[in-house]
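Once you've looked at the hints, dock chains V, Y and D against the given chain W.
Order-wise, the sequence lines are chains W, V, Y and D.
Going by this note's numbering, the first residue of the first sequence is number 326, and it counts up by one from there.
Going by this note's numbering, the first residue of the second sequence is number 326, and it counts up by one from there.
Going by this note's numbering, the first residue of the third sequence is number 326, and it counts up by one from there.
Going by this note's numbering, the first residue of the fourth sequence is number 326, and it counts up by one from there.
Check before you lean on any hint, since a few could be wrong.
Stated by the list, open to error - Per the computed footprint, the stretches of chain Y lying under chain D, defined by three or more beta-carbons under 8 Å from a beta-carbon of chain D, are: (1) 436-444; (2) 474-488; (3) 552-559; (4) 573-584; (5) 632-639; (6) 672-684.
Quick caveat, the hints were computed from the structure, so don't treat them as lab data.
Glycine included, each C-beta is placed from N, C-alpha and C at the ideal position.
Number of protein chains: 4
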Amino acid sequence: MAGNSFGDLFRITTFGESHGGAVGVIVDGCPPRLELSEADIQPDLDRRRPGQSHLVTQRREDDRVTIVSGVFEGRTLGTPIAMQVSNRDARPGAYEHMAHIYRPSHADWTTDAKFGVRNWQGGGRASARETVGRVAAGAVARVLLRRVAGIEVLAWVSSVGSVDATVDLSTVTPGEIEANPVRCPDPEAAAAMTSAIETARRDGDSLGGVVTCVARGVPAGLGEPVFDKLDAALAGAMISLPAAKGFESGSGFAGSRRRGSEHNDPFVPGAEGPRTLANRSGGIQGGISNGADIVCRVAFKPTATISRPQETVDDEGNPVVLEARGRHDPCVLPRAVPLVEAMTLLVLADHWLRQRAVDVL
Amino acid sequence: MAGNSFGDLFRITTFGESHGGAVGVIVDGCPPRLELSEADIQPDLDRRRPGQSHLVTQRREDDRVTIVSGVFEGRTLGTPIAMQVSNRDARPGAYEHMAHIYRPSHADWTTDAKFGVRNWQGGGRASARETVGRVAAGAVARVLLRRVAGIEVLAWVSSVGSVDATVDLSTVTPGEIEANPVRCPDPEAAAAMTSAIETARRDGDSLGGVVTCVARGVPAGLGEPVFDKLDAALAGAMISLPAAKGFESGSGFAGSRRRGSEHNDPFVPGAEGPRTLANRSGGIQGGISNGADIVCRVAFKPTATISRPQETVDDEGNPVVLEARGRHDPCVLPRAVPLVEAMTLLVLADHWLRQRAVDVL
Amino acid sequence: MAGNSFGDLFRITTFGESHGGAVGVIVDGCPPRLELSEADIQPDLDRRRPGQSHLVTQRREDDRVTIVSGVFEGRTLGTPIAMQVSNRDARPGAYEHMAHIYRPSHADWTTDAKFGVRNWQGGGRASARETVGRVAAGAVARVLLRRVAGIEVLAWVSSVGSVDATVDLSTVTPGEIEANPVRCPDPEAAAAMTSAIETARRDGDSLGGVVTCVARGVPAGLGEPVFDKLDAALAGAMISLPAAKGFESGSGFAGSRRRGSEHNDPFVPGAEGPRTLANRSGGIQGGISNGADIVCRVAFKPTATISRPQETVDDEGNPVVLEARGRHDPCVLPRAVPLVEAMTLLVLADHWLRQRAVDVL
Amino acid sequence: MAGNSFGDLFRITTFGESHGGAVGVIVDGCPPRLELSEADIQPDLDRRRPGQSHLVTQRREDDRVTIVSGVFEGRTLGTPIAMQVSNRDARPGAYEHMAHIYRPSHADWTTDAKFGVRNWQGGGRASARETVGRVAAGAVARVLLRRVAGIEVLAWVSSVGSVDATVDLSTVTPGEIEANPVRCPDPEAAAAMTSAIETARRDGDSLGGVVTCVARGVPAGLGEPVFDKLDAALAGAMISLPAAKGFESGSGFAGSRRRGSEHNDPFVPGAEGPRTLANRSGGIQGGISNGADIVCRVAFKPTATISRPQETVDDEGNPVVLEARGRHDPCVLPRAVPLVEAMTLLVLADHWLRQRAVDVL
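Just chain W, same shape as in the assembly (with noise of 0.2 Å):
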């Protein structure tokens, strides 16, 4: 089936592209009754949101939400809850001279490829804009998730560029994180990535880095073998937002060059099922949660726009040197991190009904 729709339960599509005259989403598969409003969703969005700090782009988006459909008298209907978000600071013709050239390391050409036609209006449905969709469904998963189970999901940036910061991942607080406009709970490192990312930015060039999440109060028992194992379902929910490249789970590559006897999480005796001593499994055996933190890391390329010159070909095969102009982030990692939480939080609400449909007899 087509690509814009996430989940099976609670399920999601999304749409809009990024100079359009809307971005939004449906979720088909919110339980009845749950109490929920603009007031619950707007957070996340503003988390989001361009301009929101000198660090990322300066698109001037209110991204204000209006539910259309599925909320009634304050509470979920069951039907599908429409949100959507006007795009207002479009401004097309600064696109322009772009119209014909394929920017390197976007998704120009590739679009062009696949479709044979591509909304050049900064990049069109490939524009991080897409994302204002699913970070509204994650808001709506957080509240589901956080009434039935407690759980709570929280992610930050552990790295720009080559500056890595230290967390420690079980006592780590939202508050420690929002303290900084580039969300990371480590001040120091916080410090060092501002400026490297205020660097790049002088010089025309961007940086990537590493997100890392945590979801706290999951219960052992979600996650669907063998194919839609719950880290399964993380890893392609993560590589599916932009920019993403690489996935970790627990120990994830550093743990592939252990021995099994430093890597296996011993278990102990725990007030509700075992518990392991380590968390080398992120939470995760067998592809079914554990009852400990789920952890997973997701690593994102530096941003393919940069104002230096770059050669490339336009489409008519001809090589050209494009000198990019329009608003940009030089780094998306702050911006990413409501984004991973948003994966986070959709792929634990339809696991979590899922497993409903398990746990019958």
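Frame of chain W; chains V, Y and D shown alone:
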């Protein structure tokens, strides 16, 4: 929906426990009139098979595949292709002493948490034996992709523990990969890996590692943004494999440490559209193939089964010391190679068919 | 998965309550480069619109559609096409006296039983207003099918209450159907139907009837046995329409009373393969189109809303007498015609695209 | 996606041709810990089996089912339940003379039109033998529904040709249905049907008829508007059966001729919510079960295979006269009864599980 199906148009559903009567797969959606016989399937199964070398588990299964339906007079019918492999050397008795013990970093506890019941014989459905169906289906996808698109998929072991191979992605051949039982085309590294695996086995311990996979001849245009991007589909596919903990596409985690000006892939004019000078994109831009080689890497943790005594708990919550018996792989990497190829082939077959419904006008 | 999506490759998701802010649809999977504008959508919406004649509900909605995304410079992008229609003449107050009453043969009680909450304003999501999105999406399918296959779909009212029309399936034209507000191409029957509907309205009562639908120009080979047979897909599509209670393909129920020798459709040589002399198969054999006209019939019950007093219960279980107010259709049949067409178009578009992934070698 | 899967949460995938090695099914999504053995499956297969009486085809198949996976120590594991039945009395030779002939009103021509290849042995996948997998899966659903909800599903033959039975829907018992080989609980009608079938057989001809199905004990609230309404799901399920041409829910086509005041089902207070005095709704309102008996009817055309000479064409377009041989049913109705039950059971099991994900807060 339940988690034992994969793909949309080239859709597989697997079944079978490690020590049940049989394991197998139904492939639904393979186009009709494709020449296909068991001789096309068996070689990939033989590469996955236990007992194929001294480096892997010594369970004896000839893993002889039977095509039960969907093929008539040597060609596919367009109806479901059911394939089946009997379990012969099942020794459930070898697992009886572990029937009530939760093995560390295995799926024992999480299976109980999810289902409230489990087949403790050889891990049941959580056994790597489950992948027989994937490999058989992947072999069908291989025949299809070769026929319709000239696509070739090959994978190899690029690291075991701390031993890293040096491999030229664009020239490596299947013959070089199969030249040694560890399936590493760098002979020197292969020797070091073999020695490391033998040492680990002697120590009653285990090793992890990384498999690299390349798909050549993939046309530009495959992938279904925004959620079923080609790299997102690969990520989900790979992390669904037993013991997989990490996925990278193109430059991956290392790319996140570079600047955009170093990371972007410049375009130059090519015979069939723009061509990238470098391939940090791993053949995928904006979730759509760009015509270059698809490149990805998958990290596998060290085998959870080790012979050393381990602290754990039983299913009544009592602390116990586990001394594992039963046949197992000291390192899954050599047998993981055909699994990674199979998942890549399944993703590509599915997306190749999906693009047929896009490229219409 | 939740029930507000339809189709696999040409996939729609609808949203919106009767008296919420808007109703609409996302079409995901429409091929790119199709010329499309709001002018292609509006005519079908106008045929579904309330207030279009004295035979239907007098609720005033101009039902002006806006394409929010997925179309650029007059052509589809291959990205989700979101379309929306505002609710203007919503009069929720008119329903307040029924907020706690379960109207007989409506969805009030079952909605409460399922969701534990309901939007009592005009039936909420159970209102026929929900079908706006279906009709808009069906209009897109119509443009696609005309362009790629020359397929034409038309439906008409073949009975109202006890009045039956006589119509030649192979020659009837859209002009004949639209010649009168009841949408019956048999003028004599149309007059009798009109009179019957007016009488029913005067009596505070309602009528049901049957819509017949024909699809011409459908190539042989569409349909996906064994569960997504073309007739099975049509059956599910039709019975999902509000008030639909019966479906027949080809000879239908009457055919079940014939002998095989009278019922089989003899083949004769034709220009594009075998041709059937009769069409008791309704253009579908073994669930696959055979190149003849697709023919089906859909039975609609009499409108559940009537003005006469009815015995029922409230949501606290007390017996009450309901005297309905609010605007409603004394007979849904004239407005059901575009709905039946829309569902047929959606099924055909989906199956036409699916066959692209079958007819490969 | 390809068409051999049915259901979302209780999902089945069937495989197998009439004369291939075996036919069977995978059930994915059956909840764990359900007591299940082959003895639960065999009785329904025996009711579907050829050769069970003189009224049906004399092909000899004992149709002995094997559970290949998913059950351990007498209980389901929550993993895929694969079930298989071997084809024993396959006589492909009996079909050789028809290998190149398109039998009228069979799927021969449409299969070639779709797939460009077909297994001409006994109709291949288009044979009614395909339904073995459905019935086996339906039997699992029956065990589940009885256990979790006390739901009972039973069907019977309500007409054969022009012979109509008179049956009290609310009191008819399985014993009355199975009292005669025609599976009609009205003994007088059963005798007339038997005689009609025997006459048709002697004439080398065939008969059609109608099966009525009732589901008792279905809780209010099942069904997923707006596209997966309970009656829409039943309609699609039924019309996917071989030879099915019509579907009615509740009052069906006859109801479309009544006035609303005669047709609405008045509510009265009941022990578990409102209760309808009549059941013209067939237990479903707005696509959601209302707690009353679910009632539907399915029309089957007369068997396409008859012994009389018929005009048709071969696969090179030449006119030929077909004189069919091979064993076949003069009337499929008696064997259609377990098929209709199976599809009803599958729909209800799926929707019962889906409601688990709705009724959460």
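Status of each hint after checking the structure:
1. 436-444: n = 5 at 8 Å, threshold three: holds.
2. 474-488: The restraint on the segment 474-488 of chain Y holds, since 3 of its residues have a Cβ under 8 Å from chain D and three suffice.
3. 552-559: holds (count 7)
4. 573-584: Holds: 11 residues of the segment 573-584 of chain Y have a Cβ under 8 Å from chain D.
5. 632-639: As far as the segment 632-639 of chain Y goes, the hint holds, because 5 residues have Cβ atoms under 8 Å from chain D.
6. 672-684: Coverage by chain D holds for the segment 672-684 of chain Y (3 residues, Cβ < 8 Å).
When each numbered hint is compared with the structure, no violation occurs for any of them.
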